[in-house]
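K.L.:
Sequence:
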Amino acid sequence: MDIHKQIHEIESFLTTTFKQTEEWFNKSVLLREYKPRNNGWSVNEILEHIALTNHYLLILIEKGTNKALKNNDKFNPEEDLKNYAFQKDKLSEVGLHKSFVWIRPEHMEPKGEKTNAMIQEQLKLQLQQCLDSLRLLKNGEGVLSKTNMSVNNLGKIDVYEYVYFLGQHALRHITQMEKVESEFNQMQSKQ
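One point on numbering: in the numbering used here, the residue at position 60 of the sequence shown is 62, and numbering is uninterrupted.
Just so you know, the hints here were simulated from the structure itself, not pulled from any lab data.
All of these numbers come straight from a predicted model, not from anything done at the bench.
Please note that the accuracy of each hint is not assured.
Said to hold, decoys possible - Here are the computed lysine-lysine pairs in the DSSO-like style, where the Cα-Cα straight-line distance is at most 30 Å:
#	residue 1	residue 2
1	158	7
2	140	7
3	65	113
4	92	76
5	29	76
6	65	90
7	192	72
8	126	113
9	192	29
10	72	140
Claimed, not checked - FRET-style restraints, in silico, Cβ to Cβ:
#	residue 1	residue 2	range
11	193	82	55 to 63 Å
12	80	110	20 to 28 Å
13	28	80	46 to 54 Å
14	138	21	18 to 26 Å
Using N, Cα and C, we set each Cβ at its ideal position, and we do this for glycine too.
With the sequences and hints as input, model every part of the structure.
P.N.:
What follows is the structure, given as structure tokens:
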């Protein structure tokens with residue numbers, strides 16, 4: 003496993019995913035406020051949820067980054083990365099909308115307390131936080147810190163996997179927004 007290549011792939015994936023998320027702020031207000039027939043979230047609510055979830059995931063990512071950096075003196079790349087396996091397939095399932103039952107905590111539900119501009123700015127800062135963590139852990143140090151992740155029975159995942167998880171969560175909701183947009187367009191074509 004080439005850890006530098008893996009980190010680069012995570013950076014590219016994050017940048018692309020956040021760019022796709024950013025594009026939703028440019029959609030029409032009517033679309034962004036449209037509530038799907040299944041009583042699901044509007045695009046604005048989904049964007050808020052992504053930012054909220056990122057906030058809580060980034061708390062864990064920051065703690066993991068700091069812990070890994072504190073353990074850096076114990077880091078032996080040849081030994082610590084020898085049997086390293088990034089759980090890409092299992093983590094990618096997170097990015098598939100409705101691929102498994104996922105009960106989100108209540109504190110990650112959108113409440114409409116922030117403007118779209120505030121959410122948009124928050125997402126930009128969150129992307130930078132992720133990229134900063136990856137740059138701080140550029141040689142594989144991120145494997146030194148693992149935290150339990152109950153979603154999809156992932157178990158203990160390292161900092162790199164947590165960052166990738168964050169991006170996959172956003173991707174999951176991009177698909178959800180696309181479904182809302184499709185329903186909205188169908189409704190508009192009937193009028």
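K.L.:
A separate judgement is required for each hint: does it hold in the structure or not?
P.N.:
Checked hints:
1. 158 x 7: Satisfied, since the Cα-Cα distance of roughly 22 Å is no more than 30 Å.
2. 140 x 7: holds, 10 Å
3. 65 x 113: holds, 26 Å
4. 92 x 76: holds, 29 Å
5. 29 x 76: violated, 49 Å
6. 65 x 90: Cα-Cα ~22 Å, so holds.
7. 192 x 72: violated, 60 Å
8. 126 x 113: holds, 20 Å
9. 192 x 29: Given that 30 Å is the threshold and the Cα spacing comes to 20 Å, the pair holds.
10. 72 x 140: OK: residue 72 and residue 140 at ~15 Å, within 30 Å.
11. 193 x 82: 55 to 63 Å: Given range 55 to 63 Å: holds, Cβ gap about 60 Å.
12. 80 x 110: 20 to 28 Å: violated, 39 Å
13. 28 x 80: 46 to 54 Å: holds, 47 Å
14. 138 x 21: 18 to 26 Å: holds, 23 Å
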